[in-house]
Amino acid sequence: MFGIVISATLLSLPQAAATSGASPAKWVLHADQARCVLERQDASVRFAVDTTPGSDTFALVVAGPGLRHSDRLMRVTIAGTDAAAEVRGLAQIRLARDGTVIARIAGLPPKLLDGLHGAGPLTLRIDGSDPVVLSLPGVARAVTALRGCVADQLIEWGADPAQFAPGGQPPVALRDRDDWLANRDLLAIMGLSPAPVLDATFRVAVSATGVAAECQPQSDDIPATVVAAVCSRIAGKTLVTPAHDHQGRPVRGVVTFRIQLSRQAS
Numbered sequence: 145m146f147g148i149v150i151s152a153t154l155l156s157l158p159q160a161a162a163t164s165g166a167s168p169a170k171w172v173l174h175a176d177q178a179r180c181v182l183e184r185q186d187a188s189v190r191f192a193v194d195t196t197p198g199s200d201t202f203a204l205v206v207a208g209p210g211l212r213h214s215d216r217l218m219r220v221t222i223a224g225t226d227a228a229a230e231v232r233g234l235a236q237i238r239l240a241r242d243g244t245v246i247a248r249i250a251g252l253p254p255k256l257l258d259g260l261h262g263a264g265p266l267t268l269r270i271d272g273s274d275p276v277v278l279s280l281p282g283v284a285r286a287v288t289a290l291r292g293c294v295a296d297q298l299i300e301w302g303a304d305p306a307q308f309a310p311g312g313q314p315p316v317a318l319r320d321r322d323d324w325l326a327n328r329d330l331l332a333i334m335g336l337s338p339a340p341v342l343d344a345t346f347r348v349a350v351s352a353t354g355v356a357a358e359c360q361p362q363s364d365d366i367p368a369t370v371v372a373a374v375c376s377r378i379a380g381k382t383l384v385t386p387a388h389d390h391q392g393r394p395v396r397g398v399v400t401f402r403i404q405l406s407r408q409a410s
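Residue numbers are given in the numbering used here: position 115 of the sequence shown equals residue 259, and the series is strictly consecutive.
Calculated from the structure, these hints are not laboratory results. Model, not experiment: these values are computed from the prediction. Glycine residues also receive a C-beta, built at the ideal position from the N, C-alpha and C atoms.
Pair ranges (Cβ atoms, derived): (1) GLN391 to ARG241: 47 to 57 angstroms; (2) THR353 to GLY282: 33 to 43 angstroms; (3) LEU318 to THR288: 26 to 36 angstroms; (4) VAL316 to GLU230: 14 to 24 angstroms; (5) ALA357 to ARG216: 41 to 51 angstroms; (6) THR385 to THR221: 22 to 32 angstroms.
Could you put the whole structure together from the sequences, leaning on the hints where they help?
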């Protein structure tokens, strides 16, 4: 993984926050073939957004004052200056070893970035906690860098660059990725796994008609029988509305999806 500093100074993350007298917090972008992670941390608040390129979902992590630990998922509303970009989700709130309360909200839609790009304060309203208002200087530039990270990775995997230019559009899933494989298919796939837990991300190249053309796992440790079973069930399916360029012409895209399965002991 490599890091790109969205300012002049690299911030050490996720270790302890800056001490008194240290330079102001900086945005840091971490990128590899599986994830793009944008982070910022100052003396009191840690903020991070991460995504798997091609997944169309984002996770938000916030740690700081105003959060209260909970053993259950809590409803959360995330609002910026653009009311149309407000998003809702479920927060998992845990207590770190140092006593810091950390909230993680996964499965958020792409419009989360639209709300952040508004460059105003971000407000988190979590059931059981006081509203958390975050001032995020430089967030618009940081979000642009995060989007660039996602685009660069998808292009490397074979997506047409035209979809990421102004006026273009990446592919949009026609249905939830959890429904791309039927339950009977998932049972058959799990039966091929020698391990009791299967957690694998696959990337799929989709044609200009939205049909799955190529499929492969993100990591090399997935058994070949599992890969064959997954990809054979995906191949030829119309999964997405095709990507298009600024003139509306359909182009080749790349999407990713994750399979998480476990086998219970009998």
